[in-house]
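Colleague: Residues per chain are reported as follows:
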Amino acid sequence: MSFDPVFSFGTVAAAALIGLGFSHAIDGMYPQPRGPAVLTEMVTLAPGSFDHPQPGEFLRDNHPAAAPVAKETIETPLEIMRFQVTASDYDRCVLDGTCKPADANLAGYVPVTGVSFLDAQAYANWLSARTGETWRLPTDVEWAYAAGERFHADIEGGDGDSADPARRWLTQYRTEAALGRKPDPEPRSLGAFGANSKGVADIAGNVWEWTATCYAHATMSSDSTLIASSISNCGVHVVEGFHRTYMSNFIRDGKSGGCAVGTPPDNLGFRLVHERGGFLQAALRRLGLT
Amino acid sequence: MLTRREALLGSVLTAAAVAAIGSTPAMAAVTDVAELPREKVTLVAPPFVHAHDQVAKSGPKIVEFTMKIEEKPMVIDADGTQLNAMTYNGSIPGPLMVVHEGDYLELTLINPDTNTLAHNIDFHAATGGLGGGALTLINPGEQVTLRFKATRSGTFVYHCAPGGAMIPWHVVSGMSGAVMVLPRDGLRDEKGKPVRYDRIYYIGENDFYIPRDEQGKFKKYDSAGDNYDDTVKVMRGLVPTHVVFNGNAGSLTGENAMKAKVGETVLIVHSQANRDTRPHLIGGHGDFVWEHGKFGNPPAKDLETWFIRGGSAGAALYAFRQPGVYAYVNHNLIEAVELGATAHFTVDGKWDDDLMMQVEPPKAIAS
Ligand SMILES: [Cu+2]
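Which chain is which? The protein sequence lines are A and B, in order. So for the first sequence, our numbering puts the first residue at 2; every next one is plus one. So for the second sequence, our numbering puts the first residue at 12; every next one is plus one.
Hints may be right or wrong, so weigh each one.
Examples of chain A residues toward chain B, derived with CB under 8 Å [as the list claims (entries may be wrong)]:
| no. | residue |
| --- | --- |
| 1 | 81 |
| 2 | 110 |
| 3 | 194 |
| 4 | 197 |
| 5 | 229 |
| 6 | 234 |
| 7 | 236 |
| 8 | 237 |
| 9 | 250 |
| 10 | 253 |
It is worth saying that the hints were derived from the structure and are not from the lab. Think of the CB as a built atom: it goes at the ideal place given N, C-alpha and C, for glycine as much as any other residue.
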């Protein structure tokens, strides 16, 4: 395992400059536009372990069960964007003819919104090709790690009652209703929701974020939280924010595609992870060769 | 496609969600159901209906059906306009399932991994669990079995309802069908006298919303997901581009026209999962019409046109008295003629001059 030794847990470690010929200066939380390139501030998180409620739907003994909590480990430093991808960053990809224009008509240093999983992926691919580096959506585990104390799992209905499936539906419905979150549709400028203890900004604000993790139906063995079998549906991906939810890849408007009882995602956006070592190493890592 | 947390009806319900998967709580709850006789029925594509008894020959049973969900492109008009269809069992509408009141309908729903979306089924004939929608949400590669008791008789819509914005989109992509729950002792007229049918046809009416390009031509998409954004925009206008019977503007005409003979009684079941319609048999009538489709109510008699509410299925019984070609239409004639909602019956038999004759053929106006 080799990695860049420059990192520090929870604070900014590296400011990565993406794009072309551009000053390294960063002042404060709001990078200013200076010419055609993209400046992306990164946060590098030290490796670590944490307990994580798994995403998806779970069955035990043929009835729904609460999501099992598993110990997850981030083994190498995780380099993730401090802010969500901005409307102006995304526009460069649109101008390049690669990305589809976002549904939201916002410009400048606000998060891009009105983008689907497919759009987010297209942007990551474009950025990777543009920079010769590997940029990708974080997995659910990586996002949760970066979100730290601001991570919220699914609105949980708890273990199902085999004699009464309705009980779980009512529990979940009431839990969600009780959250009482009001719609907050207008995206704010970068950093408006502040940073978490790890220095990552705007986590769980009013822009939900796409991840690379597929929705799954999993069956647990009856006596443990181990997953016996799982069927994933990669037409639907995990979306993170005020709570974790699941959306079809092509949904761009979280309100119509979204959750329930007053807590649908206000907006859909994303941030990316930067893979160290570029394409080759990333490919090797995916194949489990490093 | 899904998703579990996608709200029903614009963010009201998370339930569709939740339970999903292969949970079959009914199994555990009702012990004596297990003792009931079982019958396995193979479904047939509309307008045809699987063989069934009009009067039940024995006590309640469990009637088993299997449907495979197929996502595939389908042509919906003579110009070759393509819908990225989502179907129950490969047809639009899905097949009609017939049981008797007091029977248990047990459906195994299969979502093959060649599909891309999550689907489920909401039976208007079923009680609780969002009509079964809450217990049947399946990803590609999964199957689920649901059983419900047919507690009331009538014709009832079923449709896909996988949460939030997915619901109307799946329905206008073709995912609806109907169940007919017959009274155990069969159909009765308004005086309680038994009535029978010699033939039954099932017509599912669909409104489609196909996006157009800059030139006004209908657009074609590689997959359902690709059309979603554009289609929703057309859907929100509430003006369908197509209103058709059985999935295609000409599906029940020509070679495929429905057939009957003079003297035969035909039961026409008509469903519309999304939008109101008003069937009319040109040159015929509805002898007995269950406009709401519910056989616990006496049928209306001698109707000229009947009204099927969006989200319901109705039934009309008619004995053909005259041979010829009959058009069966949605009597908004713009929808019938311009948008596609026309079917035909060809009826063989002997013409009855008493009912109609041309006393004098057309000729110059006598002055
Ligand atoms: Cu569906």
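Colleague: Output the numbers, in ascending order, of every earlier hint that fails for this structure.
Modeller: Hints 1, 2, 3, 4 and 5 not satisfied by this model.
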